[in-house]
Amino acid sequence: MRKAIALLLVAFVCLAGVAAGGSGEGGSSGDTYKIGFIGPLTGDNANYGIRCSNAARLAIDEINAAGGIGGKTLELIAEDSEGTVDKALASYEKLAYMDNVCAIIGPVFTSPALAVAQRCQEDGIVMISPSATHKDVTAQPATNPDGLNYVFRTVPSDALQSEVAGHYFYEVLGYRKLASLYAMNDYSQGLALGMKETFESLGGEVVAEETCMVGDKDFRAQLTQIRSAGPEAVYIPNYTVEDALILEQASQLGLNVQFLSSDGFSDPELYNLAPDFTDGVVYVGPAQAEASTKLADFQAAYAAAYNGDAPDSFATNSYDATYIIAGAIERAGSADTTAIRNEVAATKDFQGANGTMNFAANGDLVASQGVYDVEGIIPVYVGAFQIVDGHIVQVD
Amino acid sequence: MTVLSGGLSPSGSLLFISEKDVSTISLYMQYIVNGLTLGAIYSLIALGYTMVYGILKFINFAHGDILMVGAFIGLLIYNALTGGEAAAPGAWTIIAFVIATLVSMVACGLLGMLIERIAYKPLRNANRLAPLLSAIGVSFILSNGAAWIFGTKSRRFPYPFENEPIHIGSITITPHQIVIVAVSVLMMILLASFVSRTRMGKAMRAASLDQPTSMLMGINVNKVISLTFALGSALAAVGGILASFDFRVYPSMGTMTGLKAFVAAVIGGIGNIQGAMLGGILLGILEAVGAPLLHIPNGMKDTVAFAVLIIVLLVKPDGILGKNEREKV
Amino acid sequence: MLNFFQLILIYAGIYAIMAIGQNCITGYTGMLSLCHAGFFCIGSYATAIMCKTFGLSFWLSLPVAAIATGLIGLLIGIPTLRLKGDYLCIATLGLGEIIRNIATNLNPVGYNSIPRASLFGYQFASRNKVAFIILIWAFVLIFYVLFQQLAHSRLGRAMIAVREDEVAAQSNGINVTKYKISSFVLGAAVGGIAGCLQTAYTLTVQPGSYTFMVSVMVLCTVVLGGMGNAKAVILGAFIIQLISYLPQLTGLTNVIPAQAKQIIYGLLLVVMMLCRPQGILGRDRFRYGDPRTRREKLHDFFIRPAGKAREARHENP
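Chains as they are written, first to last, in the numbering used here: chain D, 163 to 558; chain S, 4 to 332; chain U, 147 to 463.
Chain D with its partners taken away, still in its complex shape (with noise of 0.2 Å):
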């Protein structure tokens, strides 16, 4: 017994020696930029995290052949998050500390978001989410030395989307009475409560509030419930699965309202999945740029690069992401996080396939919302909506 547990002790001791020799380990980048992508590319929502990463792939591959960044190339580390913190913090320990990354994309989901985020304040590494929308991801503390904000993103935080959400449904659309069908999930949460909020203070009610579980299939008790309180409209700000299924089952079950929806459903998966059941649905998503072909242009070649698959808009917000960071990192010329954050920082009047951005402060996205008609499975621009003084103003 004794000898196990100095055995033990010992074996303990060299571990934590070998250890502590290995964390004062550090990496040059040598002749390339080395970026890194954390999203979940297994698991159910493996699709978000695929699209993000094949997205930064294709923005690095082209940064690449026309010739890289002051003579050195880009290199894309994508790590899988699994869509879990744990597994989040993992790729972030890995590409913070092994890999040496100067910037980081994602994590895709907002629960990881959260976790990494508090990493990369702490170290300063830049990290640019581009699909974590709760509003507290950019409401991480500066921990670092400098006290500087190193967290971005190239999506509008939920509470931006909410909030032109409900100001449409109530002053636009003209709805008074609303449902919502919702994941209990920290995205779709919170643009349901956001709406919610903005919808009720406006003079609307929201008369039926169901949830669901996300992975749930089968969404008839909800649906009837919802289909009893006789609503004008019910908003389903979820996943894409999620979203099919409550589509499909409430035209089996009668329930003939107009469907809402958020930015998740720029998925053109979901076509596939309920492709007779998405026609008049409304979503709040991101704005389009006027007059710029860089969105076609990178629905093209994205569709050419990946066997024709189509990005949603979170792969946009990862390419357009990619390119702010590359862009950062050839003004600040060198690998120094601090530099190329303070650069990310300046970015301004990017332009993007997702038209013009700026960076808030706190590193929101300053932008407006874009609102979608789908016509049979085809989301049709119908126009960009800013909240001023309270009501909503179409910008374009």
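Worth flagging that the hints you see were computed from the coordinates, not collected in a lab. Each hint should be verified, as a subset may be incorrect.
[What the hints assert, rightly or not] Below, in silico cross-link-like pairs of lysine-lysine (DSSO-like), each with a Cα-Cα straight-line distance of 27 Å or less:
1. U:Lys407 - S:Lys156
2. U:Lys230 - S:Lys319
3. D:Lys297 - U:Lys230
4. S:Lys124 - U:Lys407
5. D:Lys196 - U:Lys407
6. S:Lys124 - S:Lys23
Using the hints provided, position chains S and U relative to the given structure of chain D.
Below, chains S and U without anything else, positioned relative to chain D:
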């Protein structure tokens, strides 16, 4: 706006039932219809768990993943035969659906036998934990293998028939729900009569009662066990294909469905075929009715399902229809 | 590479503590429980709430987490532990799912920006992994020694007797229910402490991290190492974490398909069960000059004739 107030809007009071009561009743009727569909699928899958447990006394955790394999095979064959999404529903799509289901049943039956031979048979005399963990291992291999081959994307199983909702009063039913319930009931009747009428069924019952004695009576227990796995897996394949109308086809589709079906089997009384059917239907209806009845958010319906499981286990550990086996000293 | 090895040490430590708790329940007392993820979850949440909402220090939240988890273990243990074998397994599995479901419904975002732990003015920052390695492995060591002592104490011997033969134990005057519940509560509390330490490291708590898979992984850790053997369990935790981070460790994340490690787990489990069901360090009772074949030995080891069952195992490593 809605088609809610359809046929059943009573002008006066019928037997002192107010209009509100009628709409509440029809609301609950709708929940029960929804729950029946879900329950039928659970029952079908629960049968596989219960049959294996009855004979081998172990939880075949890989059963849920066999369901997934069944759904994938069914989908691939159906798409190959009809050309997939584009095919207009008609006689040919229904025939193709039947062929796809049958092929998938055979394939899954063989897969079940194979898994039994490799991963469980050598452990028949080991402690109870060994086959359980081996089954978890097989489940990992199957679901992740499928994710590797097919990707994690959800795929849609096209309806092989016109699926226009039927409105009966304010209750709505779709043909696919009717098909799910009808096929499940048919399968259960076939299985029940196989087990109670045929020689092989008799052997199965004997083996589940007492293996050594049935061996002495000249029953080839190995063959019986193989057959049990084949039958259970074939039923899982049907369950998987039926479930994929509502659930879509994706590699981890079997995990939660399998778990729920297993819960159903336990509620009904594991090892008991009628129990599995009853438990499945009961669980499906409870899931649909439980949350609204208790006025809790629908997100908590899993809590309701598992709480019912625990209550049933505490009140009657052998399940509703289970026979109480006293442990002998 | 070395940096990642440190990470594995941290996670292996956390899993080792959980596995020691599971080992108390499954290895010593022989109850097949599948809700360690639930205990882990309660421990993490208790710490998060104590530190974030009430502003308590980490060190104060540690006993709170342990007590809270222990209490919940007691609460769910009293009714469910009457169940036997597979039924207990299913009931606990259901409880684990209920805990996660309730946690998700209460707050799907969970908690983040939890204050760091500090000791004598030293702040445990996630970046300084060595500090965490020392902290976590100190706990592993404490629990290892504690549970090793436990196995030889009156309490531990009673638990083992319950595992070997409940009826025989009862007829020898052992209060089976009492020992089952104490074992369950102890195991739960240790699981809670593992959750507490994990929270101190990640500073984020999210309900999605406590799935049924975590319970399965903890059980696998115990079985892989060798049931009823605390040293083996720690080894098991190492192996499981090593496989879990194999792609990152080798730097081959872009080469190895992400599903590979799950498939490796699966294969490992099946092969282990077929070839060495007692675990890597599990002890074969009759290995000295025993004339029986391996198969017979295994048979005797697991399905003991009634006569041999009464000799409680004193030679537990």
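task = Please name the hints from earlier in the document that this structure breaks, with their numbers sorted from lowest to highest.
result = Those not satisfied are hints 3, 6.
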